[in-house]
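2 protein chains.
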Amino acid sequence: MTTTNRRIVLASRPDGQVTPAQFRLEDVALPALADGQVLVRNRFLSLDPYMRGAMNDRKSYRQPQALGETMVGGTVGEVVESRHPGFTVGDVVVGGFGWQHYGLSNGAGLRKVDTSRVPMQAYLGVAGMPGVTAWVGLNRIISPKAGETVVVSAASGAVGSVVGQLAKSAGCRVVGVAGGSAKCSAVINGFGFDACVDYKAGRLVEDLAAATPNGIDGYFENVAGAVLDAVLDRMNAFGRIAVCGMIAGYNDEPIPVYNIRSILTNRLKIQGFIVSEFADAWPPALAELAQRVGDGSLKYRETVSRGLESAPSAFIGLLRGDNFGKQLVELV
Amino acid sequence: MTTTNRRIVLASRPDGQVTPAQFRLEDVALPALADGQVLVRNRFLSLDPYMRGAMNDRKSYRQPQALGETMVGGTVGEVVESRHPGFTVGDVVVGGFGWQHYGLSNGAGLRKVDTSRVPMQAYLGVAGMPGVTAWVGLNRIISPKAGETVVVSAASGAVGSVVGQLAKSAGCRVVGVAGGSAKCSAVINGFGFDACVDYKAGRLVEDLAAATPNGIDGYFENVAGAVLDAVLDRMNAFGRIAVCGMIAGYNDEPIPVYNIRSILTNRLKIQGFIVSEFADAWPPALAELAQRVGDGSLKYRETVSRGLESAPSAFIGLLRGDNFGKQLVELV
Chain A
1 MTTTNRRIVL
11 ASRPDGQVTP
21 AQFRLEDVAL
31 PALADGQVLV
41 RNRFLSLDPY
51 MRGAMNDRKS
61 YRQPQALGET
71 MVGGTVGEVV
81 ESRHPGFTVG
91 DVVVGGFGWQ
101 HYGLSNGAGL
111 RKVDTSRVPM
121 QAYLGVAGMP
131 GVTAWVGLNR
141 IISPKAGETV
151 VVSAASGAVG
161 SVVGQLAKSA
171 GCRVVGVAGG
181 SAKCSAVING
191 FGFDACVDYK
201 AGRLVEDLAA
211 ATPNGIDGYF
221 ENVAGAVLDA
231 VLDRMNAFGR
241 IAVCGMIAGY
251 NDEPIPVYNI
261 RSILTNRLKI
271 QGFIVSEFAD
281 AWPPALAELA
291 QRVGDGSLKY
301 RETVSRGLES
311 APSAFIGLLR
321 GDNFGKQLVE
331 LV
Chain B
1 MTTTNRRIVL
11 ASRPDGQVTP
21 AQFRLEDVAL
31 PALADGQVLV
41 RNRFLSLDPY
51 MRGAMNDRKS
61 YRQPQALGET
71 MVGGTVGEVV
81 ESRHPGFTVG
91 DVVVGGFGWQ
101 HYGLSNGAGL
111 RKVDTSRVPM
121 QAYLGVAGMP
131 GVTAWVGLNR
141 IISPKAGETV
151 VVSAASGAVG
161 SVVGQLAKSA
171 GCRVVGVAGG
181 SAKCSAVING
191 FGFDACVDYK
201 AGRLVEDLAA
211 ATPNGIDGYF
221 ENVAGAVLDA
231 VLDRMNAFGR
241 IAVCGMIAGY
251 NDEPIPVYNI
261 RSILTNRLKI
271 QGFIVSEFAD
281 AWPPALAELA
291 QRVGDGSLKY
301 RETVSRGLES
311 APSAFIGLLR
321 GDNFGKQLVE
331 LV
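Chains as they are written, first to last, in my numbering: chain A, 1 to 332; chain B, 1 to 332.
Only chain A is shown next, with the shape it has when bound in the complex (with noise of 0.2 angstroms):
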């Protein structure tokens, strides 16, 4: 059997913008299978901006990752042994056993997951924790009416691209917000969102106008920043926007908004979530997400980089913005 296991730990925590001196690579000996555990080979890890947030050492809805300790993460991979009645050998399950080859598991958090009609890597994408983050914010959060008009920041990412895919199911127009024309591109061909606004052509206040002629009723955020300000400006009387990100403030450098007058003005209702805390609405997004993947209506894309090694360039491309759709690292 294996025994040895490579994982990607903090090395230190960054001081700004994230660079690969902050993760150091490591071989290190794999214990032994003791009674009721699963040993799971991953092959695909999933990176997402939460992990940056978790890298800082302050206040945050999640404990910050330990320094020394294998970098937190979703997983999906294979059972490769097995002493738990509930797992056999060849099992495909969703874990989240960070940036490393192998999980060793009491079972606890592992779900199997059926990889007849959906990808396994889909179900930590569309089918997974970003899919629900989707489903969560629209449905619980911004409750969109048909006829209403939806828009979402990082409009090409995996939770951005579901959330316009079933705001448009639910009768709405739908408006996009993505870095880059290729991106924009996709968002309005690939998603089928009716508009998207490059807010790298800098004409975000006008472009936005142009796309919401009847104003915004629903804002699912991602990045904050000059968006979220262009964005309050824009919204209609009793409008909802849900926090999912403010990826432009995980740097740490400050993020004003000017348009907070907006709030009163418009009666708005703003609310951050986590995905984690809407426990009851897993099983009914799952199903549906599954679903729609598994027919064909729900579309997605990913980035997948390759091997481990490539984790941390391709994390950092991600809080760039490099990244189209969901960016996952294959672990080969």
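For the record, the hints were derived by calculation from the structure and aren't laboratory data.
Model, not experiment: these values are computed from the prediction.
Honestly, I wouldn't trust all of these hints.
The list makes no distinction among identical chains, and a pair is therefore deemed to hold if it is satisfied within one copy or across any two copies.
Lysine-lysine pairs mimicking DSBU-like chemistry, simulated, CA-CA at most 35 angstroms apart [claimed, not checked]:
(1) LYS112 / LYS200
(2) LYS299 / LYS200
(3) LYS168 / LYS112
Got chain A; can you put chain B on it based on the hints?
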């Protein structure tokens, strides 16, 4: 019968700070009473921050105040002539007749009030719109639980002082924010708050931290600006913010907020509201407030300027924070 009415109209829109030049005093003829009408001699005029927003000619939750028309505002007064079956000379009525001595009405929007235990002008403050505003923001949006910490800005004002007293009755630790040691002293000693932070003392962040050792669960927002930033930084997980006013921004200067990341990390709910849109809350709120004013358990303070002519300077003072408690004009 009286045939002349004295009123103040909006002469011009402010460019930033309001000045007396924006107002014009006029004496105009009163039309004769038609069948079904009632004539009221207003005794007190309420001055409120929302009037500043109405003076601007831009999108807001209310129609802009028309140029050349009587300034809008809540009033209480006595029926002096009636050709309406529902009103008798001597009835005391709350209405929205604005900045003038007389009001002519078909009865719509007039509410007869009982002045046997509550003085008439209290129906413009603690037992009127400002009191109901406090009640709605606290009970419908913040929904405080015993043991939580609730912070109120503009704590010595007509709304803030009621918020604090109601939250205290709900078993909360209640912390006010007010300008100057005299106001802070009254907030603690007069209204029974647990603590008060003097934002003019130059130690807003430190003093707020000291006054909220267990963080902040609910915030009733009346001012925005630096206070909002300081509060956001102290919010606990699942905190609620009721946005009632943003007086710091009424003069059109930008009011950037920096700590909005707290919305995400603490999963905050922030909601802007306008009390007139909570119609179902008015009857229970008015009943509770009048009851508590009558039995002496709800304290209030008033700043009364004398004579319609004094209204512009009193209003400008209100925007500067010169008033103490509810700002009224006695229409002698």
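Notebook entry, point to check: With identical chains treated as interchangeable, where does the CA-CA distance between LYS299 and LYS200 reach 35 angstroms or less: within a copy, between copies, both, or neither?
Noted result: within (24 angstroms within a copy, 55 angstroms between copies)
Notebook entry, point to check: Checking LYS168 and LYS112: alpha-carbon separation at most 35 angstroms within a copy, between copies, both or neither?
Noted result: This pair counts as within: shortest intra-copy Cα distance 30 angstroms, inter-copy 50 angstroms.
Note to self: With identical chains, the pair LYS112 and LYS200 could be close in the same copy or across copies; at 35 angstroms between alpha carbons, which is it: within, between, both, or neither?
What the structure shows: Result: close neither inside a copy nor across copies, 41 angstroms intra and 59 angstroms inter.
In this structure, only the earlier hint numbered 1 is contradicted, and the remaining ones agree with it.
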